[in-house]
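So the protein lines, in turn, are chains A and B.
Under the numbering used here, the first residue of the first sequence is numbered 167, with each subsequent residue one higher.
Under the numbering used here, the first residue of the second sequence is numbered 167, with each subsequent residue one higher.
A few of these clues could be false.
Pulled a few chain A residues facing chain B out of the computed Cβ check, cut under 10 angstroms [what the hints assert, rightly or not]:
hint, residue
1, Leu302
2, His305
3, Ile350
4, Arg389
5, Ser423
6, Phe424
7, Leu435
8, Leu443
9, Ala475
Simulated restraints on C-beta separations [unchecked claim]:
hint, chain 1, residue 1, chain 2, residue 2, range
10, A, Arg445, B, Asp217, 43 to 51 angstroms
11, B, Arg196, A, Ala475, 46 to 54 angstroms
12, A, Arg429, B, Asp291, 48 to 56 angstroms
13, A, Gly262, B, His305, 55 to 63 angstroms
14, B, Ala341, A, Lys421, 30 to 38 angstroms
15, B, Gly303, A, Asp263, 48 to 56 angstroms
16, B, Glu342, A, Glu226, 52 to 60 angstroms
Hints in this document: simulated from the structure, not taken from any laboratory.
Note that the structure is a prediction, hence the values are computed from the model and not measured.
Heads up, the beta-carbon is just placed ideally off N, CA and C, and yes, glycines get one too.
Number of protein chains: 2
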Amino acid sequence: MSLPRIAVDAMGGDEGVRVMVSGAALARRRHEQFKFLLVGDEKRIKHALDDHPNMREASEILHCDDVVGGDERPTQALRRAKTTSMGLAIDAVKRGDAGAAVSSGNTGALMAMSKLALRTMPGIDRPALAALLPTLGEHDMIMLDLGANTECDARNLVQFAIMGAAYSRIVTQQAEPRVRLLNIGTEDIKGTDALQDAAAQLRAATGLAMQFEGFVEADKISRGDVDVVVTDGFSGNIALKAVEGAARFVGDLLKRSFMSSLRSKIGFLISRPATDLLRTHLDPNNHNGAVFLGLNGVVVKSHGSANAAGVANAVAVTARLLEDNLTQRISAGLAELGEERLRETHSSGAGK
Amino acid sequence: MSLPRIAVDAMGGDEGVRVMVSGAALARRRHEQFKFLLVGDEKRIKHALDDHPNMREASEILHCDDVVGGDERPTQALRRAKTTSMGLAIDAVKRGDAGAAVSSGNTGALMAMSKLALRTMPGIDRPALAALLPTLGEHDMIMLDLGANTECDARNLVQFAIMGAAYSRIVTQQAEPRVRLLNIGTEDIKGTDALQDAAAQLRAATGLAMQFEGFVEADKISRGDVDVVVTDGFSGNIALKAVEGAARFVGDLLKRSFMSSLRSKIGFLISRPATDLLRTHLDPNNHNGAVFLGLNGVVVKSHGSANAAGVANAVAVTARLLEDNLTQRISAGLAELGEERLRETHSSGAGK
Chain A
167 MSLPRIAVDA MGGDEGVRVM VSGAALARRR HEQFKFLLVG DEKRIKHALD DHPNMREASE
227 ILHCDDVVGG DERPTQALRR AKTTSMGLAI DAVKRGDAGA AVSSGNTGAL MAMSKLALRT
287 MPGIDRPALA ALLPTLGEHD MIMLDLGANT ECDARNLVQF AIMGAAYSRI VTQQAEPRVR
347 LLNIGTEDIK GTDALQDAAA QLRAATGLAM QFEGFVEADK ISRGDVDVVV TDGFSGNIAL
407 KAVEGAARFV GDLLKRSFMS SLRSKIGFLI SRPATDLLRT HLDPNNHNGA VFLGLNGVVV
467 KSHGSANAAG VANAVAVTAR LLEDNLTQRI SAGLAELGEE RLRETHSSGA GK
Chain B
167 MSLPRIAVDA MGGDEGVRVM VSGAALARRR HEQFKFLLVG DEKRIKHALD DHPNMREASE
227 ILHCDDVVGG DERPTQALRR AKTTSMGLAI DAVKRGDAGA AVSSGNTGAL MAMSKLALRT
287 MPGIDRPALA ALLPTLGEHD MIMLDLGANT ECDARNLVQF AIMGAAYSRI VTQQAEPRVR
347 LLNIGTEDIK GTDALQDAAA QLRAATGLAM QFEGFVEADK ISRGDVDVVV TDGFSGNIAL
407 KAVEGAARFV GDLLKRSFMS SLRSKIGFLI SRPATDLLRT HLDPNNHNGA VFLGLNGVVV
467 KSHGSANAAG VANAVAVTAR LLEDNLTQRI SAGLAELGEE RLRETHSSGA GK
């Protein structure tokens with residue numbers, strides 16, 4: 167089976183066309199079957215392609231002039247869904263002209279446009295943004311939602327758990343990934359009503375193809391003993407950015423410490439391969455590519471400040487989700503739970 | 167002026183009496199004017215004092231048998247306020263028998279007991295838990311609330327900002343500390359209604375002895391360009407623990423990297439002073455001691471797993487707050503804003 171092609175919003179992100187095209191080219195050097203629909207300014211895309219002859223026969227260009235601004239309100243961007251590079255990349259997925267879309271543009275606009283064009287799956291009220299994060303264990307773990315939904319009720323959280331578990335089964339190859347809800351303590355009484363309701367529902371449910379193991383605190387998510395961390399978009403965004411910031415903070419401190427004396431400078435030079443390994447492991451570009459789960463189609467968000475290697479990772483994530491039929495797997499998970507049971511849980515309101 | 171004595175709940179925490187007494191003794195070796203009321207099992211306290219002759223003349227023992235359990239519900243602990251070491255330490259502050267209390271026990275119980283015994287200041291609806299955190303800048307920064315209030319409205323957040331600024335003025339010696347609200351983006355439209363309301367009120371207020379600078383994202387709190395980060399207790403707890411967990415994660419990765427080859431092991435040994443410096447900087451014991459702001463009295467929470475050096479830091483934080491009259495300073499800040507204006511803001515409900 168040949169892989170459906172990937173629509174790339176070539177205009178989004180801090181660096182724009184050059185980084186997006188270089189990133190796609192880099193991904194393609196590792197996987198020759200990748201094909202692309204590059205959406206954006208034709209002249210600039212063609213110029214960028216000059217440096218990447220391997221991309222030319224694998225790419226078609228869909229020209230447009232209009233770009234969604236980084237600070238633009240999603241409601242405003244929605245009006246230009248049919249003229250912007252972001253909107254046209256998503257539309258290609260809707261029309262079946264591409265299997266998935268990747269964009270480094272405005273997250274809120276990407277979410278709004280994707281939801282409107284692709285619609286949520288039956289049984290899902292709201293899509294969630296999910297990313298792979300490094301752990302000390304064997305596999306990466308999945309955290310969701312990372313900012314698509316500022317406020318969530320128990321029903322949303324249960325749906326996120328099901329979607330996250332489906333994604334984790336692809337990543338970890340485990341039949342029943344370990345799932346936990348992010349909370350400020352592990353005792354039953356901790357946290358909001360929404361968290362407690364969601365925990366009760368997940369504990370009671372059977373046949374979900376996951377091991378639900380209760381709550382997890384934010385200092386324990388990277389130890390490798392949890393595969394899926396479920397949270398509302400506000401807390402998830404805070405936790406993700408706090409981790410990124412702390413990693414950078416420690417890196418900066420380390421640099422300062424190493425530069426604090428001649429002796430430690432020498433030590434640093436000698437142990438450079440070790441610190442380079444650490445840097446590689448912590449570089450957000452190596453974990454780039456968050457996916458909107460719960461849509462009838464795959465849309466991947468690449469970080470606005472990602473470099474070409476980062477974009478290549480986001481493209482690789484996209485290809486993997488296509489290959490492994492993520493969308494169908496989530497549908498199967500939802501069917502397992504039974505849509506009617508999902509509807510039943512509706513009564514529990516937003517607890518925070 | 168002699169410093170009022172500090173009531174120490176000698177029974178709380180994972181290690182109990184020995185660590186609490188050793189910690190107090192360590193703090194006293196650095197500041198000879200410290201005096202203590204040690205609350206708990208007399209026999210065990212006396213035994214612990216055998217190792218610390220410098221503590222004996224500086225301490226009085228208040229005997230009790232009863233201890234609040236680590237997992238005990240706050241409502242249950244409240245009933246034993248008059249018999250437990252935690253309750254009696256707080257009661258000593260209420261009676262004026264001590265100037266402040268320190269405990270390593272159950273946070274929820276400590277909060278509930280402190281609030282009931284000491285009451286909140288006029289103009290403050292809820293106390294908040296505030297801690298000093300390391301930054302890349304000159305000073306530590308203050309973050310609050312760290313878990314005392316799971317859900318907060320705009321009015322709570324405004325009060326937290328005023329209390330945090332008062333604490334920061336003591337720590338940084340700056341007349342107008344830079345204050346920001348923790349959010350998932352810096353644009354005006356980001357976050358909950360409560361955050362947007364609080365931002366509008368802080369922007370509009372004058373004479374607050376702070377520079378309110380809008381929102382901050384969780385990856386930028388440690389850069390040294392913000393002195394006070396204000397948030398609800400749920401997000402604050404998530405952010406704090408995410409930072410702690412990430413720092414530990416990076417430390418573990420670094421250790422693994424250094425041990426990955428003979429070359430990097432040698433590099434590690436040579437640069438040891440540098441990595442030790444880093445470890446010291448990141449050790450949570452060196453930042454131990456979170457204070458409940460907004461009470462008519464000083465109550466400091468020491469981490470349950472703190473070692474003697476950590477307890478000593480919590481005692482030092484307590485003494486500093488006493489010396490610098492934190493309680494009076496917060497009152498002054500509230501008076502500046504005007505209690506009536508605080509009441510006016512009541513209309514804005516819990517936005518999340």
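Range hint 30 to 38 angstroms (beta carbons of Ala341 of chain B and Lys421 of chain A) holds or violated: holds, 33 angstroms
Supplied contact hint for Leu443 of chain A, tested at 10 angstroms Cβ to chain B: holds, 5 angstroms
Given hint Ser423 of chain A near chain B, where the shortest CB pair must fall under 10 angstroms: Given a least distance of 4 angstroms, the restraint on Ser423 of chain A holds.
Evaluation of the interface hint that places Arg389 of chain A against chain B, nearest CB under 10 angstroms: holds, 8 angstroms
Chain B contact restraint for Ile350 of chain A - C-beta distance below 10 angstroms: holds, 4 angstroms
Verdict for Arg445 of chain A, Asp217 of chain B (Cβ pair) under range 43 to 51 angstroms: For Asp217 of chain B against Arg445 of chain A, whose Cβ atoms are near 45 angstroms apart, the range 43 to 51 angstroms holds.
Evaluation of the interface hint that places Ala475 of chain A against chain B, nearest CB under 10 angstroms: Given a least distance of 20 angstroms, the restraint on Ala475 of chain A is violated.
Chain B contact restraint for Leu302 of chain A - C-beta distance below 10 angstroms: OK, holds: Leu302 of chain A within 10 angstroms of chain B, min 6 angstroms.
Hint validity - Leu435 of chain A Cβ closer than 10 angstroms to any chain B Cβ: holds, 7 angstroms
Hint check: 10 angstroms Cβ-Cβ cutoff, His305 of chain A to chain B: violated, 15 angstroms
Outcome of range test on Cβ distance (Arg196 of chain B, Ala475 of chain A; 46 to 54 angstroms): Roughly 49 angstroms apart at Cβ, these two residues keep to the hinted range, so it holds.
Restraint outcome when Phe424 of chain A is required to lie within 10 angstroms of chain B by C-beta distance: Constraint on Phe424 of chain A satisfied, holds at 5 angstroms.
Hints 2 and 9, counting from the list given before, are not met by this structure.
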